[in-house]
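Q: One line per chain: the protein sequences are A and B, in this order.
Just remember that our numbering sits 17 ahead of the position in the first sequence, which is counted from 1.
Just remember that our numbering sits 17 ahead of the position in the second sequence, which is counted from 1.
Honestly, the hints are just simulated from the structure, not real lab data.
A couple of the hints might just be wrong.
One copy or two, it doesn't matter: identical chains are merged, so the pair holds either way.
[Said to hold, decoys possible] With a straight-line cut-off of 27 angstroms between C-alpha atoms, the simulated BS3-like cross-links for lysine-lysine are:
1) Lys-51 x Lys-287
2) Lys-287 x Lys-228
3) Lys-57 x Lys-214
4) Lys-287 x Lys-348
5) Lys-57 x Lys-292
6) Lys-228 x Lys-45
7) Lys-348 x Lys-21
8) Lys-51 x Lys-176
9) Lys-176 x Lys-19
10) Lys-146 x Lys-50
11) Lys-292 x Lys-176
12) Lys-90 x Lys-146
Note that the structure is predicted; figures quoted are calculated from it, not measured.
Protein chains: 2
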Amino acid sequence: MKTKIIRILIIGFGNIGGGVAEVISRKKENIAKKQGLVLKIVGIADLKGVIINKNGLSEEDIRKFKTGEKIEKTRDLNIIKEIEHEVMVEATPTNIENGEPGLTHIIAALESNRHVVTSNKGPLALEYKRLMDLAAERGKEIRFGATVGGSLPIISLVKDNLASNGIISIKGILNGTCNYILTRMAEQGLPYEHVLKEAQELGIAESDPSKDVEGIDTAVKLVILANSVFDRDVSYKDVQITGIKDITSEALEMADEAGYAIKLLGEVNKGGCLKVAPRLVPKDNPLNVRGTLNVVTIKTDLAGNITILGKGAGPIETASAILSDILGIYKHNNENDFII
Amino acid sequence: MKTKIIRILIIGFGNIGGGVAEVISRKKENIAKKQGLVLKIVGIADLKGVIINKNGLSEEDIRKFKTGEKIEKTRDLNIIKEIEHEVMVEATPTNIENGEPGLTHIIAALESNRHVVTSNKGPLALEYKRLMDLAAERGKEIRFGATVGGSLPIISLVKDNLASNGIISIKGILNGTCNYILTRMAEQGLPYEHVLKEAQELGIAESDPSKDVEGIDTAVKLVILANSVFDRDVSYKDVQITGIKDITSEALEMADEAGYAIKLLGEVNKGGCLKVAPRLVPKDNPLNVRGTLNVVTIKTDLAGNITILGKGAGPIETASAILSDILGIYKHNNENDFII
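So here's chain A without its partners, still in its complex pose (with noise of 0.2 angstroms):
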């Protein structure tokens, strides 16, 4: 049996895609044991610069290059094209004005052939259908299940898993900073703005909170499942978005007497819905979920209603979601691409 190899470029090197390094690290002997497939980190490149090997990274190399002890070369994305590599990680941050940089990262690499994997929500919420028509043309994969539900594997879960069913409805929590706050402001009595310091003190926050409280992460999530499972054609633009800041600790006392508790939910199906809101769940659906989990409900036509839940987000349950869909582009592929 020929070893077959994934190199790998990683774009941007903040935690997720220092979590991407600490996984592939922890995983790739076992890899290499179960399957005969050797991961290799060919070039790491972020805001302080670059560092490569054709050959492979070393653990050492890489924790130098996070501490900023070595840098090769001032920031050079020609690497896309110049290094040799299978599969590029793009794990720079999410810009939802225009994807950038991201979207230039995504479209340099499927033009040099490369499949792509990310957890960059940015270019795929504006540039979806171009992007996955680029990928057609050149014959290569984009894999994003890290964009929506962090470790929670919902793209696949429809595309593959439950692949003899149509899907008429997708809906759920898939932002934990708003769940966090509604959860504890319902439990605590606590006001708003209270629980939010809180949160931003435990770095459940940001120090701007504003994607994730006034709805916009979640309605970018809600766009990715609209044109990867339904087949839709939306942007960010299109979605109905209502945040939580207006919700009071009374109106989640009145919702907690009548069985119910108040959770931000995002809603897509095939037709027009695309709605993220404050809606009231009773307290036995499976959807009230507390603190930060993420939960859908994925209404099929033959399975009934499938639902998943656990942790969206941190860096390591992040790149975990970006491992399997690596993992995902071998098995999908013929093996006899990745022997080098």
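For this one, chain A is given, so just place chain B on it according to the hints.
A: Positioned in the frame of chain A, the structure of chain B alone reads:
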């Protein structure tokens, strides 16, 4: 593009086998359009007899076979060998004593170089390793998503979507009948015998409910998870089993007052654990689902805990899992294998 064809032979034409014919009828046009894949049922066999058409049975023929109006031959299992097909669907009832007749059918199919998709738990709970070895030897697949959790894609979720993760344990409710009984007892304060009778009248429990209420059905599913997910080599006899017959409404009430529900849980892990027993579940734990729902929590090393829940049974739900497995075989194998 050449048309790909999957010819299907269905063995066992009760609720599930009939459900498979129905979901294929409902979905085949869409699958042909979307994937360029033609699904043809070329034969059906059950205790009544056999009906065959190598060009594909008409819906009228299938309907008439079901009502007994049209049966071509007496029962003749040589058709597994003789009639050309790509996938045999084994949907005869589970027999936990010796796995028959399913075991013989599956072996015959593999030896005739057919892929196998089955909802029959017996052969897998008794002879897992033997069947997998035979399939590997023939370069064919056995898929059995329908055996555990019905419509819930537990096995493929773990093996495909969470591929990057090490699986630490799987714990959950795998029998809807027991869950219905315990839920009703708890919510209405009714005694076991009363609720069992009610469940039998509703068709939720069988006239002989022993396999369900004694935990045997859960144990068999657990064995399939142990062997397929955890690479263990265990059989039904290795499971430590306690059923629900001795649960009193008083026990449920006491648990309720302390913030718990009592649920019949199956639990399996990489090491020694292989256990079915009534357990206390905190009311706000995702495993606390009501009615006939099934649920499992998959504990992973990277993605944390992932919980999936939905309808565990029902002919159409189970048939949808079988059809997803058929489509999975197509996707996972060289599509040129399906040009006839």
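Q: Are the hints correct? Go through all of them and say.
A: Checked hints:
Taking the shortest alpha-carbon separations for Lys-51 and Lys-287, only the inter-copy value of 16 angstroms comes in at or below 27 angstroms, while the best intra-copy value is 39 angstroms. For the identical chains of this complex, Lys-287 and Lys-228 are intra-copy neighbours only, at 26 angstroms inside a copy versus 41 angstroms across copies, given an alpha-carbon limit of 27 angstroms. When the C-alpha separation of Lys-57 and Lys-214 is checked against a cutoff of 27 angstroms, the pair qualifies neither within a copy, at 41 angstroms, nor between copies, at 61 angstroms. In the homo-oligomer, the alpha carbons of Lys-287 and Lys-348 lie at most 27 angstroms apart only across protomers (24 angstroms), although the nearest pairing inside one protomer, at 29 angstroms, exceeds that limit.
With identical chains, the CA atoms of Lys-57 and Lys-292 are never at most 27 angstroms apart, being 41 angstroms at best within one copy and 40 angstroms at best between copies. Proximity of Lys-228 to Lys-45 under the C-alpha cut-off of 27 angstroms is found in neither arrangement, the shortest distances being 35 angstroms within a copy and 43 angstroms between copies. Taking CA atoms no more than 27 angstroms apart as the test, Lys-348 paired with Lys-21 passes in both settings, with 12 angstroms inside one copy and 21 angstroms between copies. For the homomeric pair Lys-51 and Lys-176, the shortest alpha-carbon distances inside one copy (25 angstroms) and between copies (13 angstroms) are both at most 27 angstroms.
In this assembly of identical chains, the alpha carbons of Lys-176 and Lys-19 lie at most 27 angstroms apart only when taken from different copies (24 angstroms versus 31 angstroms within one copy). For a Cα distance limit of 27 angstroms, the shortest separation of Lys-146 from Lys-50 across copies, 20 angstroms, qualifies, whereas the shortest one inside one copy, 38 angstroms, does not. Proximity of Lys-292 to Lys-176 under the C-alpha cut-off of 27 angstroms is restricted to the intra-copy arrangement: shortest distance 22 angstroms within a copy versus 33 angstroms between copies. Within a single copy, Lys-90 and Lys-146 get their C-alpha atoms no closer than 34 angstroms, and across copies no closer than 53 angstroms, so neither meets the 27 angstroms cut-off.
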